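Novice: Protein chains in written order, with this note's numbering: chain A, 1 to 378; chain B, 1 to 270.
There's no promise every hint is true.
Said to hold, decoys possible - According to the in silico footprint, chain B covers these stretches of chain A (three or more CB under 8 Å from chain B):
| hint | stretch |
| --- | --- |
| 1 | 59-70 |
| 2 | 128-136 |
| 3 | 341-351 |
Please keep in mind that the hints were generated in silico from the structure rather than gathered at the bench.
For clarity, every value in this text was computed on a predicted model and none was experimentally measured.
Beta carbons are placed, not taken as given, at the ideal position from N, Cα and C, and that holds for glycine.
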Amino acid sequence: MSEPLLLDSHVQGGQLTISVNGSWTGERASELDALSSRPIPAEGAVTQVDIDLRGLERLDMLGAWLLERMSRRLARDGREARFVGLPQHYRKLFDEVRGVNRTVKPVPQRKLPLTAQFERLGRSTVSFWASLVSLLSIFGRVAVSLGRALARPSSFRLTSCIHHLYRVGWQAIPIVLLITFLIGAIIAQQGFFHFRKFGADSYVVDMVGILVLREIGVLIVAIMVAGRSGSAYTAEIGSMKMREEIDALRTMGFDPIDVLVLPRVIALILAVPVLVFFGSMAALYGGGLVAWLYGGMSPEIFIARLREAISVTHFEVGMIKAPFMALAIGLVACSEGLDVRGSAESLGAHTTQSVVKAIFLVIVFDGVFAVFFASIGM
Amino acid sequence: METQGAAPKAVPKTALAIEVRDIVIGFGEQIVIDHLSLGVRSGEILGLVGASGGGKSVLLRSMIGLIPKREGRVEILGVDLDRSSEDAARAIERRCGILFQSGALFSSLTLRENIAFPLRENLGVSEALIEEIANAKLEIVGLDADDGDKFPAELSGGMVKRAALARALSLDPEILFLDEPTSGLDPISASAFDALIKALQETLGLTVFMATHDLDSLNAVCDRIAALDEGKIVALGPMATMLASDNPWVRAYFGGSRARTPALALEKEK
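Next comes chain A alone, as it looks inside the complex (with noise of 0.2 Å):
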């Protein structure tokens, strides 16, 4: 062997010496790890153990904490451990290891397995009441700025608002027009091959008007617009509230529900009837051009069933459902927004919190819609 072992020990007339060679550095760190950590031979009585480091090239934080973690360990066993030959530039660095570690952590009690269940169970509860408190308390905050912004229009954020709403309206038109377009092509290819078993064909008309004005234009709609710009909106406002703008903000005496909130949720508002109409239009294109080319039915005569089939009543419930369902998407994302704390991980978290809440309270609404709407008539 040319080259001496790292670790070597012998016994000598009862004194027991470890030599510690060559380089410790993290470099080897977890060959230094497994020799550093193999039990000593304890032949005989020896109580006095030498760690002899003339033998030391070089030596970082690492190596210097795994040789006192040695000594420490010889001294648990009752045996007394003496450093010889340290090098004089590695003594600074020894003795900064000598303290630390030395507090000893306690260690966590474990929860039994069901007490942990029910613990999340009861924090989730908690937080499903917290989260729709601070809903309803956007909800009211949002409204008395906007009774604010009534008292006094120079107040509101006109270009906020516009801008917004070029954003989530006009930039969101052609992804909108394709999906509902899709969607309507869908239903009506769908209707015409179950419906034909029956001789049913002309109702695909029906089917495709009442299903896309009274219902899936708007869902189809919402869902896109929460996914879309909702997420957006609690991104943006997360990471200003991450990087202390929201603070900012109120320290210069604004406060944020005007400057950010009121303008982003005028804006859906806005924008989502209008999206809603023309996604509406393009799933009736969408059902009329299947109908022509899948189905055999000519545009007048799809036209002219249509109008027999549908009335405006079925536009109505449509469009009535959308702004609701925007105010709902607005104010999740940004209550979720004004939640992010300090984390890029809360901010993920909270976009996807935003995403899932708008989408599932667009679904209830929907669903409350029905029954109102059933009960007046409509």
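Fit chain B to the known structure of chain A by using the hints.
Specialist: Same frame as chain A, now just chain B:
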């Protein structure tokens, strides 16, 4: 156990830990660093001063390879990161610790996890040892091992700096790059941080390259100072050289009212 096979080759012994030769850095039309050369000796603390927006951070970032250079080369521990293999470059990067201006701690990890992260990726040692080392790093930068469970967002500015320093030191680097280490700290915390850097540098035998504005830091810890003006190093040497410099920018910087203390201290020593 026989280990010679795995032993890494010793570093070629150079007196310079970092050598910057004739580098040019620019963005678009603008030239930020113009044919600059600078050597950082091993084991020294070199302070880089320059006007705000004068390219200090750009120089530092390009030295560690975050910003591409137009011309010239940077050798760290004798290796040119741009012209060496991926593995060799990674190996050198592991021997450098960087303290970013705002800490750049991972916000979704606790402090202990922040420090443990590079250890876990690079060392391949047991989880218990990783935790011990992470605690040791926290303690040597003056934090409590209990602070290790906190998230970066829960810390004060001074604690963030210390924690970021602990992370920079996690792999026992030989070279430490500090970008404005004392910015945003009060004078007492700043001088405590200076003392910490000095103590760690002596204890661990580090080479430290720091971009700073803090005249007290420069005076207290730096062995040499490099003054950057208009993309070039206009003065290089200890504080006395700075005070004796003819360059108008250096004169203004070190001769201003905020620089009186070092100047007076130097007078007294004479």
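Novice: Next, verify each hint and record whether it holds.
Specialist: Status of the hints after comparison with the structure:
no.: 1; hint: 59-70; in the structure: holds (count 6)
no.: 2; hint: 128-136; in the structure: violated (count 0)
no.: 3; hint: 341-351; in the structure: holds (count 6)
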